[in-house]
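A.B. asks: For reference, the chains in residue letters:
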Amino acid sequence: MKITIDNRTVEIKEGKNVLDAAEEQGIYIPHLCAHPELTPYGGCRLCCVEVEGMRGYPTACTTQATEGMIVRTHTKTLMEMRREVLQLILSEHPSGCLVCEEDCSDFMGTIRKVGTTTGCRWCPEDGDCELKQVVEHLDLKEIEFPVWYRELPIEKYDPFFDRDYNLCIYCGRCVRICGQFRKSSVLALKQRGRQTTIGPPFDQSHIDADCEFCGACVSVCPTGAMSEKQRKWSGAAQTYARSHCPLCSLNCEIQAAIRGNTVVGTLPPGDPHRAGGELCVKGRFVLPELVNYPGRLTEPRFRFPEGEGIVSWDGALEKLAEQLETVKGGRTALYISPYLTLEEMAAAQVFARDVLETPHITSSALVPGMSAYLTMARASIPLKSLQNASIIVSLFLDGNYNYGPLTLAIKRAADNGVPYYQSGWCKDTTSRFAARRFVPPPGKEKELVDGMLTMFQTGKSENEGIEEMLKIIQDTMSPVFIIGPGILDLHNGADILKTLAVLVEETGSEVFMPNPYGNLEGLMSLVETKTRREVDLLVEKGKIDLLYLVGDAPFSQRPPVKCIVHQAPFPPPYELQTEFKLPTPMWGEVTGTLAGMGGRGKKKIKPLVKPRDTVLFNREIFYRTAKALKKDAKLSKKEIVALASAPLAPLILDEKLNPGSGRKAPPTPKKSAYLLVQQVNPHRYQNTSISSRSTGMAQVAPEDTLLLHPRDAGKLELENGGTATVSAGGVKKTYPVRFRKNIAPGVIHLAPSSGEFPFGANPIPVQLKAEPKESAPKN
Amino acid sequence: MNKLDELIKESKLRWETLHNPDTPVIYLGTASCGLAAGAKEVKAAIEETLEEHKLTARFIEVGCIGPCYLEPLMDVMVPGKPRISYGNVDPRWARRIIEGCLVKGEVVKNKALGYLGEPPAEEIDGIAPFFDLPMLKNQTRVVLKNCGFIDPEDLGHYLALDGYMGFYKALEMPPEEVIQQVSDAGLRGRGGAGFPTGFKWQVARESRAGEKYIVCNADEGDPGAFMNRSLLEGDPHAMLEGMLIAAYAVGAQHGYIYIRAEYPLAVKRLGIAIGQLKENGLLGENILGSGFSFDIKIKEGAGAFVCGEETSLIHSIEGKRGMPRTKPPFPAGSGLHGKPTIINNVETLATVPQVLLNGPGWYRQFGVEGNFGTKTFSLVGKIRRTGLIEVPLGISLREIIFDIGGGTQKPFKAVQTGGPSGGCIPADLLDTPVTYESLAAAGSIMGSGGLIVMDDDTCVVDVARYFLDFIQKESCGKCTPCRVGTRHMVELLEGICKGNGDISSLGKLESLAKTIKSTSLCGLGQTAPNPVLTTLRYFRGEYVEHVNQKYCPALVCRSLIEYYVEPGKCTGCQRCVNICPTQAISGPRSEPHNLDPEKCVKCRACYEICRFDAIAGNAIYIKSREEA
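Chains as they are written, first to last, in numbering that gives the first Met the number 0: chain Z, 0 to 778; chain A, 0 to 627.
Hints listed in this document are in silico derivations from the structure and should not be mistaken for laboratory results.
Pairs of lysine-lysine residues, derived as DSS-like cross-links and limited to a Cα-Cα distance of at most 30 Å, are as follows:
(1) Z/K410 / A/K319
(2) A/K516 / Z/K140
(3) A/K472 / Z/K189
Only chain A is shown next, with the shape it has when bound in the complex (with noise of 0.2 Å):
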């Protein structure tokens, strides 16, 4: 262990150094969420910039630490001052930042958000703590504690601040010890289901089988959820540390990461991780002397959402069509090869080795009874605070979107949970807690953790249409029921959509659902129907106006709505006409503008920048077709 023990300390005295250091250090979020933001323009702007300063500075990027609509996201560390992190950065405000911070040495407060780390000796007037954002408060960081914060490609990084140190308490204990720390911490799957990882592994560490896997299901393929995105890209040696301990403790030779080929940056950021693991040792035969040996392939998968259901994912690693088969055998019992396999989603293997650190007890602490721990989410839709975040569970819906989120813009409508196979829950249930228990009560699931805001704008049977023809798209076309019914269903809410249902319409939907519900092969098909069963549940007064009055209140639905131009308000300022892609919009300058029903193909551009723009008046109407 000497060479690991000297690299640890290496590593501690470095991190020490980056924390106080004597060029100033810039941090620049550049995960994928940080990238679409333009994270790539500000690189280049800073690099730019401290060239034609010559300023000497080190600059590392670090993964995504949470708040999305803040992106880029970059923070300044002068040395004697504490690092400040700057949001909503664009290239001219990066260069703004270095030449304030690193040439007049202040803090550019217009875009300063707070500190992290330390605070400092002398308070700066108007920065506060970075984790004190509204965003950040009420969150509670077990999982997500070093993303944004470490360089991920830096396994330095991660062994300074413990990292590995819950895999080596795992080793000094039997493997049935580690099991029941797990147990004990009540940890349950993350990836949606909530089966308790403990009892799970005791099933594989049970097994005589000598050969045994580890898997990682790293196939995040809800709409809107990035969790272990951000989370692999950010901090990937945490889920690596996880997947040792789980190997250790179940006694498997192999570990696979099925990951999406479409995250490629999370799939690079694995490579350079586990490289740096068989480079230490800590990977391979005999690790740290102990005998005990693991190794770790990355599997990347061609972006299959039945994927995400463990037989599928065996099979597609297997080499062959993503399909599900029937359970049981668990592959618990049965799976990689016919040998017992473990699959465990990203965060609960992230997890775990905060639980072997801190020990179960601590773990304890956050949650609930039952549900204990935290869990991440991806808070997504129309809601002001968008962004990835960790919050113990119990927590109400209520706090994560109103709180931490901000609330949404027009008034709340619903929140879908747990993507396509979960379902829509309203404002009236906002105070159910969030357990896999309530969530289950409420029609939906807990699911890995995407969270869809919906407000007034939103029409719910267009999301429900939304998802029932993602699954359509990706059902594997194996059983009946899915394959097919899940189109009748489409087609249904389709002609709903189009004002061609009536109310028998509604009844189909309910008693193909059903039969989906219950005769369908795996999990994706039988909760296929929970997006369209909890809006009919909740929302049946909207079915009924767009069947029977042929009105989409959330004047969404094409069919049902007509754009119109109010004469009065109309400034002329042709934002519009040159915006309408069919030319549906026409007028002279600085006169009211004509629209054209027949041409106009409703893609809402010119609502849009009539609302927005500064010039324009706010004049462009949508109607229901009733009203027009």
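Excised from the complex, chain Z in its bound form (with noise of 0.2 Å):
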């Protein structure tokens, strides 16, 4: 197809808006509302152009190009109209960094960077500023209207990022991105007139308005009117560097924005500037918050007789020789983080061989189930054949903060017609987009599983809903399962997951199960672990000297051992006392390889940037004990690599071994009792939560704290931020209170930071009772 603009006849594809075919031959149009990854939207009006046979000045975005059609972009009548559209803009905008002359940075006393009486208080000035470019291009350089400043109140009260809506320009993006791209649907353009503001409708806070905190609003803000809480003040990003997210199975790609060696933000892949993106919250802010984390361990620590102190590197690692000598190798427990890459589990297993020489090897998250579990999810598909699903059941996923591209496909191909049915009682941002939700009674979850695929064997009906998804999977040719690892969390998880891979089998099914750890995965294929429970039991017993932990730290409270060895890049949770304390970079200061979704395409981290000069690499720490120790342990760098760099193996672990769960079946509830689902908290990174050293997460997924919907705390008499007591079976406890619209009325949601579980069974009915505001919580 040809057309003309600006007096060159080009080629170019159909389909292609003006805009698109004029960016195409390097021709640029101002524009601040267009957004690559938006359907367009007419709304600045800065993009106007003049093409023959038309009327007006229609806006390039949203004129198709049509074969033949002659365009001018940059005419004096456009250009003056552009210039007074942008004056109409920058009357409602702050413009002193836009069209001021004069250089005040000499007078700039604050941190802030900009002025306050200018009203750009809250703006980031980071240099990621569209709305300057176009000032740039239409060399504005004075703004003829009146100035008014809207005097909105500056919106901080939600995690992660704030808003001053007194910068906005009302482009919209965020609001589209929002609900065409990441189908949300938190932000709304409220009010009319010179009244429009944006953001959740009827005022709600973010978090009540069931936002995912993606923070694609944020990336495609062409102003500072949306800015992140941890990156505002750091300065415009110097490089951005590729690498991949460390916090669940999926390991995105992200890119990190960097100043100087300091990680300011982790973004989607694409333009920095603008890319909106399907990180979920943890990839696109948690990550900077705990490289940055103030808290850090940052030198070797040693528990003297007398107390604590900080020691050499050369002091340490000569202590931990002379400790481990007089430990007997089979007195020995290791514990690895699943979070850390394939090289530092290398060396951890050639440390734990030919150093500690003991077996008992294994994972605070090698739950029971956990190795049927990673067996099952070796057949995930690759997330973007969801969008050839003809059906999508998922089973026990709690999308909630969790696992951002897969929900974001859910939701897509669910827009797009695919049925999607959601079982479990989690509710998250799926749920709006589920055809028919099942909700088993407590208990009565492997009877769900096992209805589904006696139903399906027979063809005998006993629930309607059921029958029909079933006869979908049925009649259709690739239906997909989506198994949540909150299965693990139930009393006999392990055994309906027996039933779930019949019914995949069976039904001729793909399925897709992601799980919260970065690197289990590697783990599981490159060491030879045991089950947790069965380390758990011998150090139990008193059977254990010496628990070397490995960025991995499951105990609330010491257990009998004769020393702990703490290696990680935190401090151990709970004041745990430990003879050693060994700090470690962490994601963003070390290279490496992470196994990936299903054990295909291993995903390198690069280093971003220097860790501090105190701190000593997993794998030289473990070098140096051997070679202070003189034993021969291949713990050379170049060993470790090729180690590494193996094909994954099969997962390795015997769960024949594997104990029983150590859970009860929940007894039958009462009326009126609340079901308390309790889970092993998925927000964590190597010995730490992540909900305890983010501010942000600590808000909207906080640990040992009641989560539930606004509707029961009106029976009840709560308050939000309030606290209750639970008690089912003898056991009571007492927790502070939060509301949450994105869960199911009747249901609790506790995620315990031991991730022990208080009350045995799960889930459980419990009942409810609210305390008097005075009273602090007991435990």
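Starting from two chains that each stand alone, build the complex the way the hints lay out.
C.D. replies: Structure follows, in structure tokens:
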């Protein structure tokens, strides 16, 4: 197709709008509301052009290019018009930094770098400003109109990003990326005329409005109206580097914004200034918070009889060697974090085998059934295949603040007409798209899944909804089951998983099974591990003298051992007393490999910044300790890299030794009981809980806190932020309470920080009682 | 069709009996306009009187017949006498009229306006036909023919007056011929833009899409316009019949009536009417055995002016925020849920049955070449006879304002047509014929039919400010020029009204107006500057007086005027003292009062009461600041 732009006749592909066609030819037409990931909007009116045969001045973004079209993009009239429209925009936007020619940088006395009197208070001014580009292109030097400051309050009470709508130009990108692209529809335009503002409807907070905090709105904002809390005053990024997120099994590609030796932010891949992306809150906002966490372990510490003190690395490793010499091999246990790189894991494996000479290797993640879960997960299809599914069934998946690309893929598929069925008690961002939700009664989860299988095998119907679902599964070509790791939080999760495996097999379905660990896949195929329960029992029974924790610390109180070596980037949780605290670098500071989802496609992560001089890489600690002990361990860098780069083996874990889950079946519920769903907190990194290290995550996904629907709270006269007592089977515990609209009424969620479920069975019917305001949590 | 034929037969019989009754029949106009004028109290008085005198009479509530200045209107028909209409009836008069007509058997001449229907066998002294009233004489009633005449909640009344006969006829033709007839009649969209209705239908007809929609746009939002409301309240079936015909013609299966929630009575009556249609097989599956199926839903809008714009309206029905999008694609090709959608105004649809019933030739007898047919207007403002009128197109503004409306009290200044998107037309253009093209040439638009008449007491700057402020508040906020530009225009106009403007303000207004007109996204923004542009074009002198002399010739702009009491004329009656909200006027009884300009908020209350109260002496004056 030929069109003529500014007297140049060019060949373009069909189906393009004039703005894209011009851009392809290197002709820049100023625009603010148009965005490559969004449908044309035509709101800012800056891209108006002249098209022969068309009335008036159509906007390039909303005008389809047609054969023989003659377009002019930079006539005098158009430039005048754009300047006038831009002035109108700037009459509502503080513009000291845009049109003022005075240089005031010498007089900026505050870290804000921008004037308070000009109303730019909350603008990060980090060069990430498309408005500035447009002003420069149109060479605007002054604004003829009076300037209004809207005096809207600055919104800073939601986590992760602040909003100063005084800087907003109403391009609507955030609203559209939230609705069209992320399928969340949290943001909306509110009011009309000059009172128009943006935010969740009915002035709800973002948390209440089910915001996923994916940050797409912040990314696409062409001004400083939306800004990341933790990045805002860090200044403009100097470089961007590719990496992968280590916070769950999806290992999403990200790019880090780097300034100096600091990771100031993490962004989705693509144009760092405007790509909306598919990340979840953790990949988008939490990683830099973790790397830059001020309370990280910074130097080696040793506990002398008289108390803990900082020691040199040489001193620390000498003492460690001494200690290790006194312990017999079989009386040592090693816990390895599922978030480490393959290289770190390989080194730990070699260290355990050749230096500690112990077979007791495990990880906090190796809960009962995990092996079966991961084995099944190996068959996971690539995420993009979800769009071609004929039906999607999710079971025990909690997508809240988790698995962003997965929930997004589900929502997109469902929006395109793929039938979506959700099962389990979790209500998440996908629930709105579900054709049906099956919520099993407590303890009847197995019956639900068994029922599905029986109905499929016999054709006998017991439940209309399930029958409908099974019929689609039977009649269509590519059904997909998405099974969440929440299933392992059940007392009989491993059994249910077996049934599910049969169901998947018989229905010829595909699966997708994520887990919240960045490299568990790698751990289980590289390291010969035992189940956690098995090693835990040895520790409990006093058969272990020395605990060696590599980035892992699944203990809420000191176990009965003689010595604990704690080697991790963060201090141990619960102020656990350890003999050794050996600081290591973490993601962003190390180079290495992650196994990737399903063990296919290893992901390289590069060091983005240099770690502190006072921390030591895991491998180096092992290597130097081995040297000190004069053991012949193959721990050189080359040998470890070779080990880690070998193709991934099948999963290594002998589940025969699995001594049962240790969890009981729940009792039959009484009437008026609430269903308490306990959950191993999926928001972790190495030895730390993200909920405790990120202020934002502490707000959206707090630990040791009862999350319940406001409707239930009303009945109990509970207040958001109040406390309540949960009682079941003789156990009574008091917790703080937060309201969430993204969970189902009647269900209470609890993520115990210890990872231990205080109420045994799970889920469990409980009684709930509001505590008077004064009383503080007792536990 | 048998069931309906029977119903029609029965309806005609009922209608006959109603007009040759054996008991008296009382009609009361209880459309919103009547209710606002006090029809509810009148109704209570009627019921009370009937009860008191143990009288039996049929009581029928009808819609609005047009002359607002005569509301509440009440008709009484006693056996053997014609249906006589009484105007400006209050509860006291209602009692007297009932007693006079039903007890004494006479005509209460003081309030009688004329008779409706057939002339009486013997002439009644002083009672002329109702439609000979000066306001009604020059009107042509096509769309409003049933309004105020029939019971809008009784399908039988509508059927008895050839209701649904147009639809009957349409069903006997192929859809293409229906469209041809509408095209031949030269019917143009009555929502304001005047797009040929037949052509629009043709586009949707030709689309191969399986699903199509008909939407009736009843989101009447112009200040001072109430044509659609009156029509829907007085004769909902007329519009519904038009919708059925339109649906049949374009092959639509679903219909929506997008109506403002602020029209509760119209919503209620539409609901009743739709129920009646469903009951009688005129709506639903396989209508009248023709194989044509159609259903109608009412969608209440939350009252955003911009939702009168087609694409915003579509978004609103879809449950989205009412914001426009760029056209093309036009709704006739891709509208509601991406399907071909015909959006017609209430009046357009209500006209269609008449075209089908009487043929395009009959319809073309009204109006002028290119602008055939009639148009309803709501005549409001500083005019003697306000109300809802219907006139043939091509009639001059002068005829409307002076012959039908009875002219103005003070010298006529301008008439605003087309609401906030329209413009002000001055006295020397009064002979402009009312056609789409000539109004556009005068800088205004036909619009949906609001005519706001202004006299010398109206300040054009203030009027322009008012309309711009309205637009600015109703802007959806999507596009920059409309959201921000109109606000700048309002600020400039407010400045001028406050005496802060200078001559450069006028230039700024004009340049802003140009930008807004050429860069706005939808019709709302593109036409928003019209009130300013037309007033600047025809009344530039008044603007200049405002900015240069700080003088408001109409004595409206508060910052430019002062109130004072003429001591020689003041009777000291204290009426103004009592009414003043800020105690700015003081003085003992029977002595000239004092007005403290410091306290005065220029609310005009004292001025009005001094002019019109019998014992006051018309002693309060408004002067410009210069004079003061």
